[in-house]
Amino acid sequence: MNALNRLMTTAALGLAVAVTSVPSWAETPANMLVIANRIDDITTLDPAESFEFAGSDVSRNVYGKLVNFDPLNMGAGYQPDLAESWTVSEDGKSITFTMREGVKFHSGNPVTAQDAEYSLRRAVILNKTPAFILTQFGFTPENVEQTIKADGNTLTITTDKRYATSFVLNCLTATIGGIVDMKTVMANEADGDMGNTWLKTNTAGSGAYTVQSWKPNDSVTMVSNPDFYLGAPAMERVIVRHVQESATQRLLLERGDIDVARNLNPEDIAGARSVAGVAIDDELRGRLMYISLNQNHPELSKPQVRQAIKYLVDYEGMQNSFLNGQYTIHQNFLPQTYLGAVNENPFTLNIDKAKELLAEAGVSGLEIEVGVREAQERIEIAQSLQNTFAQAGITLNITVGTAKQILARYRARDLDVYMGAWGPDYPDPQTNAGTFAYNPDNSVEAQATGLLAWRNAWDTGGLTEKVDAAVVEGDREVRAQMYHDIQAEFRETAPFAILFQKIEQTGRSENVKNLTLGGAITAVSYWPVTK
Amino acid sequence: MTFGSVTVTMLGLLFVTFIIGRVMPIDPVLSIVGERASKSTYDAVYNQLGLDKPLLVQFFYYIWDVLHGDFGTSLLNARPVADDIRRVFPATLELASLGVLFGIVLGVPLGVIAAVRRGSWIDQIARVVALVGYSMPIFWLGLMGLLVFYGILGWVGGPGRVGIFYVDVVPSVTGMILIDSIIDGNWTVFKDAFSHIILPASLLGYYSLAYVSRMTRSFMLEQLSAEYITTARVKGMSERAVIWRHAFRNIRVQLITVIALSYANLLEGSVLTEIIFSWPGIGSYITTALLSADMNAVLGGTVVVGLIFILLNIFSDLLYRVFDPRAK
Amino acid sequence: MSETQTLRAWLLTDAPTSRRHAKLASLYKGWLSLRSNSMAMFGLAILIILGLIAAAAPLLAPHDPFFQDLGNRLGPLGAEDHVLGTDSLGRDILSRLIYGSRITLYIVTLVALIAPIAGLLVGTVSGYAGGWIDMILMRITDIFLAFPRLVLALAFVAALGAGIENAVLAISLTAWPPYARIARAETLTIRSSDFISAIRLQGAGPLRIITKHIWPLCISSLIVRVTLDMAGIILAAAGLGFLGLGAQPPSPEWGAMISEGRRFILDYWWVATMPGLAIFTVSLAFNLLGDGLRDVLDPKDSGQ
Numbered sequence: 001m002n003a004l005n006r007l008m009t010t011a012a013l014g015l016a017v018a019v020t021s022v023p024s025w026a027e028t029p030a031n032m033l034v035i036a037n038r039i040d041d042i043t044t045l046d047p048a049e050s051f052e053f054a055g056s057d058v059s060r061n062v063y064g065k066l067v068n069f070d071p072l073n074m075g076a077g078y079q080p081d082l083a084e085s086w087t088v089s090e091d092g093k094s095i096t097f098t099m100r101e102g103v104k105f106h107s108g109n110p111v112t113a114q115d116a117e118y119s120l121r122r123a124v125i126l127n128k129t130p131a132f133i134l135t136q137f138g139f140t141p142e143n144v145e146q147t148i149k150a151d152g153n154t155l156t157i158t159t160d161k162r163y164a165t166s167f168v169l170n171c172l173t174a175t176i177g178g179i180v181d182m183k184t185v186m187a188n189e190a191d192g193d194m195g196n197t198w199l200k201t202n203t204a205g206s207g208a209y210t211v212q213s214w215k216p217n218d219s220v221t222m223v224s225n226p227d228f229y230l231g232a233p234a235m236e237r238v239i240v241r242h243v244q245e246s247a248t249q250r251l252l253l254e255r256g257d258i259d260v261a262r263n264l265n266p267e268d269i270a271g272a273r274s275v276a277g278v279a280i281d282d283e284l285r286g287r288l289m290y291i292s293l294n295q296n297h298p299e300l301s302k303p304q305v306r307q308a309i310k311y312l313v314d315y316e317g318m319q320n321s322f323l324n325g326q327y328t329i330h331q332n333f334l335p336q337t338y339l340g341a342v343n344e345n346p347f348t349l350n351i352d353k354a355k356e357l358l359a360e361a362g363v364s365g366l367e368i369e370v371g372v373r374e375a376q377e378r379i380e381i382a383q384s385l386q387n388t389f390a391q392a393g394i395t396l397n398i399t400v401g402t403a404k405q406i407l408a409r410y411r412a413r414d415l416d417v418y419m420g421a422w423g424p425d426y427p428d429p430q431t432n433a434g435t436f437a438y439n440p441d442n443s444v445e446a447q448a449t450g451l452l453a454w455r456n457a458w459d460t461g462g463l464t465e466k467v468d469a470a471v472v473e474g475d476r477e478v479r480a481q482m483y484h485d486i487q488a489e490f491r492e493t494a495p496f497a498i499l500f501q502k503i504e505q506t507g508r509s510e511n512v513k514n515l516t517l518g519g520a521i522t523a524v525s526y527w528p529v530t531k
Numbered sequence: 001m002t003f004g005s006v007t008v009t010m011l012g013l014l015f016v017t018f019i020i021g022r023v024m025p026i027d028p029v030l031s032i033v034g035e036r037a038s039k040s041t042y043d044a045v046y047n048q049l050g051l052d053k054p055l056l057v058q059f060f061y062y063i064w065d066v067l068h069g070d071f072g073t074s075l076l077n078a079r080p081v082a083d084d085i086r087r088v089f090p091a092t093l094e095l096a097s098l099g100v101l102f103g104i105v106l107g108v109p110l111g112v113i114a115a116v117r118r119g120s121w122i123d124q125i126a127r128v129v130a131l132v133g134y135s136m137p138i139f140w141l142g143l144m145g146l147l148v149f150y151g152i153l154g155w156v157g158g159p160g161r162v163g164i165f166y167v168d169v170v171p172s173v174t175g176m177i178l179i180d181s182i183i184d185g186n187w188t189v190f191k192d193a194f195s196h197i198i199l200p201a202s203l204l205g206y207y208s209l210a211y212v213s214r215m216t217r218s219f220m221l222e223q224l225s226a227e228y229i230t231t232a233r234v235k236g237m238s239e240r241a242v243i244w245r246h247a248f249r250n251i252r253v254q255l256i257t258v259i260a261l262s263y264a265n266l267l268e269g270s271v272l273t274e275i276i277f278s279w280p281g282i283g284s285y286i287t288t289a290l291l292s293a294d295m296n297a298v299l300g301g302t303v304v305v306g307l308i309f310i311l312l313n314i315f316s317d318l319l320y321r322v323f324d325p326r327a328k
Numbered sequence: 001m002s003e004t005q006t007l008r009a010w011l012l013t014d015a016p017t018s019r020r021h022a023k024l025a026s027l028y029k030g031w032l033s034l035r036s037n038s039m040a041m042f043g044l045a046i047l048i049i050l051g052l053i054a055a056a057a058p059l060l061a062p063h064d065p066f067f068q069d070l071g072n073r074l075g076p077l078g079a080e081d082h083v084l085g086t087d088s089l090g091r092d093i094l095s096r097l098i099y100g101s102r103i104t105l106y107i108v109t110l111v112a113l114i115a116p117i118a119g120l121l122v123g124t125v126s127g128y129a130g131g132w133i134d135m136i137l138m139r140i141t142d143i144f145l146a147f148p149r150l151v152l153a154l155a156f157v158a159a160l161g162a163g164i165e166n167a168v169l170a171i172s173l174t175a176w177p178p179y180a181r182i183a184r185a186e187t188l189t190i191r192s193s194d195f196i197s198a199i200r201l202q203g204a205g206p207l208r209i210i211t212k213h214i215w216p217l218c219i220s221s222l223i224v225r226v227t228l229d230m231a232g233i234i235l236a237a238a239g240l241g242f243l244g245l246g247a248q249p250p251s252p253e254w255g256a257m258i259s260e261g262r263r264f265i266l267d268y269w270w271v272a273t274m275p276g277l278a279i280f281t282v283s284l285a286f287n288l289l290g291d292g293l294r295d296v297l298d299p300k301d302s303g304q
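Protein chains in written order, with the working numbering: chain S, 1 to 531; chain F, 1 to 328; chain Y, 1 to 304.
Hints were generated in silico from the structure; no laboratory data involved. Treat the hints with care, since some could be wrong.
[Said to hold, decoys possible] Over the 10 Å line for every Cβ pair with chain Y, so calculated as not near, a few chain S residues:
#1 Asn31
#2 Lys149
#3 Lys302
#4 Pro528
[As the list claims (entries may be wrong)] Computed spacing ranges between beta-carbons, pair by pair:
#5 Ala421(S) / Leu49(F): 22 to 32 Å
#6 Asp65(F) / Leu52(Y): 52 to 62 Å
#7 Ala421(S) / Leu153(F): 35 to 45 Å
#8 Glu80(Y) / Glu489(S): 29 to 39 Å
#9 Gln146(S) / Leu49(F): 29 to 39 Å
#10 Leu52(Y) / Val128(F): 17 to 27 Å
#11 Val148(F) / Leu52(Y): 33 to 43 Å
#12 Ile152(F) / Trp31(Y): 45 to 55 Å
#13 Ile152(F) / Pro76(Y): 14 to 24 Å
#14 Thr7(F) / Ala270(S): 50 to 60 Å
Glycine included, C-beta positions come from ideal geometry on N, C-alpha and C.
Given only the sequences and the hints, what does the whole structure look like? Please build it.
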């Protein structure tokens, strides 16, 4: 047995030595920014196609746009980027951009009006999911030759009717407005796909960074563009690593192996806050948490029941417990900081009131199903709803599924109640007004699956026309007032109970400065970051 | 198993996976176009994926492509599935191999001692150690291990395969960072990678140890009660020689089978470990793909894992035939 | 001469008077040998206690397992009124664990019935019929064996929707092939034995032979395997719960409880650890019992 004992002792010793001799470094290199985030939603890097959060985070740092937001002064609204200036025609339908001179793509090609023309036309012709952001102005694959036109150093876009200029320009700040390098993209075209296949995994922009590698579900590595027209970024490499668990992100942050942790839950935020060298930032984002009631359901379509449900949510309780610091009560479809946003939140948990309303509607013993995707905070919200609904005699059965599973049923009008989140697509009130309160054709055949009102079989009770009117109103103040009115009516009558707006809490190492996640209107910017 | 039956099994495996993928109410189109997509965008992708064709036709196309070495492209990230697998499989292979190594190095001696000293305290301890291993929820153990050894003590590297600073530093030859860094002669990376792999590998190793040690013990017990052992003892052979030169020699083939099985289990069963340790391996690859209905990726991954399972089985069958006199 | 002594003597007889007598006698002898294995008895005791807890859950639980109190969430261990603390929604963890034992037992019982019976059916038919039936059934078994287990279970649950019943079916689907293999191997040895030939000569049909003569002989090796598999079944169910595909909220299923609590593991470790310990204890109990049963029922076969 001695040989064995010796063998095992050696093995154990060997392990111990190997393990303890590993060096541990306390911080990341000074010219490198390392971020932990959930990036499993990236499916493509092509700006004409990219539409998810983590994808926008990459795109914003790679592609310049005609107009863009200054990360250090978001409140100023859109600013010149690749377009130096612009003029609006008399009839308000045409906007002519003058391109900035001397800006180069990563390939070394100059950024020209032809590139801008190609990029916007390309987005319309490819007609991927986010294309509606552009096509809502009347651009079609057939008419882009006339409506999106370069002439020397200028680019003119012509919309089908007069829209608020701010609406058009705000839409151009979305990911789909990214300007790609025409020569490079066309060189990689295959089967007439306008370089779509190639751009899914490669980049050809003029922004502060280029993507060096994207390993799905693992990491995105970006290197800086030393010729960036606003100056070479201080962080020469930015690595975003996919880390699923909040606890793991926190450990990495506290050990100094990463600079920024983006998915810490309230408990880990509280824990990390007390660690020396770690700072916590709060940033209000555009994402809303809401529940909606299917209007095909005989009971849920009664106005009193819709009202009652809004009194059956423990807003305060949730905000102050498991959502603490990460969601704030918000009962309107326009996120705070948006034009026309209001901050009136009249509903509170009121069981008696709800019971009254239910009795008035003659509803008792209601049993309904809510669909929730598999995410812990949402499951907890659903359980809290289940608890308060039960106090008014409503049985709420929770069905948890993968995101796609629940979404497919929601889009098919197959759920009684949906509980989920909605993020704005571009920084203009139309983005949410045009989906929550807009449904021109409520018939099954319309298949307007992109519209939340349609998914809930809600004809909007006249709000559709008001939304149409607001979107073409040129006067900013009048337009804001129109949204106030729409929301006041929506709040009371709609089968949507908007619950919360997201606050993103980021844990960062104290020496990281100037990191802005993009607020409610855009995505993260790495180029101003220093440490 | 003959070549024919392997083919049939593989085809069946593919077919079942294929059917599961198609009847699953997770919509692959939604994974691509996202929540906001209009009906026309949706339909365009639907037809592009060939989902409008009958199931059998789709299956036939798929098999045809696979036979030509084309696993298709991932619906989600637009890369060839074969490339993805080439990237994620070595990560799992590395982890599972080290895990099995731990299992063998510690489990075999433990099993032998337990059998030799049957009923003694050491046998009881070995039994408890193994059964505890069988009974532990790995995700809990993994999180606790990370907390203690990485978070508090700082003895091991954190989640992921190497520290972020060392990502892509050594050229990828085998895809296994430990081996690549040796080839490159870069010992800093080797140390770093080792510090990252040690904890998840030890965890997997513990499970492997549990299985291997229990199996070793019962094989040894069977041998030790055999007549020839008694004969050897009567002849005055030393106990050590009896155990190692006779009994242990006779269980080698059985042991290899067990180890092969344990290896196969670790290769496919490390999903939860991979999630907790942010390990970009094939287990989490298939799981993620499955939950977003990325069927090409699921099929590709399943083929690889299934093939390895079958190959390991054939391998141990062969060993039996060659070395075990009882199996004719 | 007391009644029990008579019974004991009757059970320990070397000359059984009937088949039933013989069967009972061998069972009793097995029990005696199992009883001498203290670890197995320890496991059995835990399982009996678990059964009692599940049966008397409403009497034992200090609180309603579903009662939420957002003002008193993540309460510490040993708190007044909440001995094991409270979870993220302020529910009493001890009460949830107690009620959760019912779900665990439910899952285990169902899988332990479905998987071995399915395996037994396939294995015995395959082994007894031979020929092309054997070939087809064994290929199917191979296909399911070669399938990554968690992937199969995940896919199945994803296809049918999350929930305990579907989790049970999914786990059974991944668990039956080894039983089929064992049952087939046993059938092959039994089929060629003299006594089966004798029965066949007496005119018994295949159905009768399989159900009356082959099944009973396969049972003991299956039981051992089932007991040893129990821990794996519990862990698989917990794993599905962990991935959100097992029991649906607010059900106090232990795996789902770990999954809920793992977010707080750094600061409120007990929220995930208590259900983790519960799973561990029950799995260990099954393993200890299974290990003991293996020694008793088939000392040679080592469970493969």
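We went through each hint and held it up to the structure:
{"no.": "1", "hint": "Asn31", "result": "31 Å, holds"}
{"no.": "2", "hint": "Lys149", "result": "49 Å, holds"}
{"no.": "3", "hint": "Lys302", "result": "27 Å, holds"}
{"no.": "4", "hint": "Pro528", "result": "32 Å, holds"}
{"no.": "5", "hint": "Ala421(S) / Leu49(F): 22 to 32 Å", "result": "27 Å, holds"}
{"no.": "6", "hint": "Asp65(F) / Leu52(Y): 52 to 62 Å", "result": "58 Å, holds"}
{"no.": "7", "hint": "Ala421(S) / Leu153(F): 35 to 45 Å", "result": "38 Å, holds"}
{"no.": "8", "hint": "Glu80(Y) / Glu489(S): 29 to 39 Å", "result": "50 Å, violated"}
{"no.": "9", "hint": "Gln146(S) / Leu49(F): 29 to 39 Å", "result": "33 Å, holds"}
{"no.": "10", "hint": "Leu52(Y) / Val128(F): 17 to 27 Å", "result": "25 Å, holds"}
{"no.": "11", "hint": "Val148(F) / Leu52(Y): 33 to 43 Å", "result": "35 Å, holds"}
{"no.": "12", "hint": "Ile152(F) / Trp31(Y): 45 to 55 Å", "result": "48 Å, holds"}
{"no.": "13", "hint": "Ile152(F) / Pro76(Y): 14 to 24 Å", "result": "20 Å, holds"}
{"no.": "14", "hint": "Thr7(F) / Ala270(S): 50 to 60 Å", "result": "58 Å, holds"}
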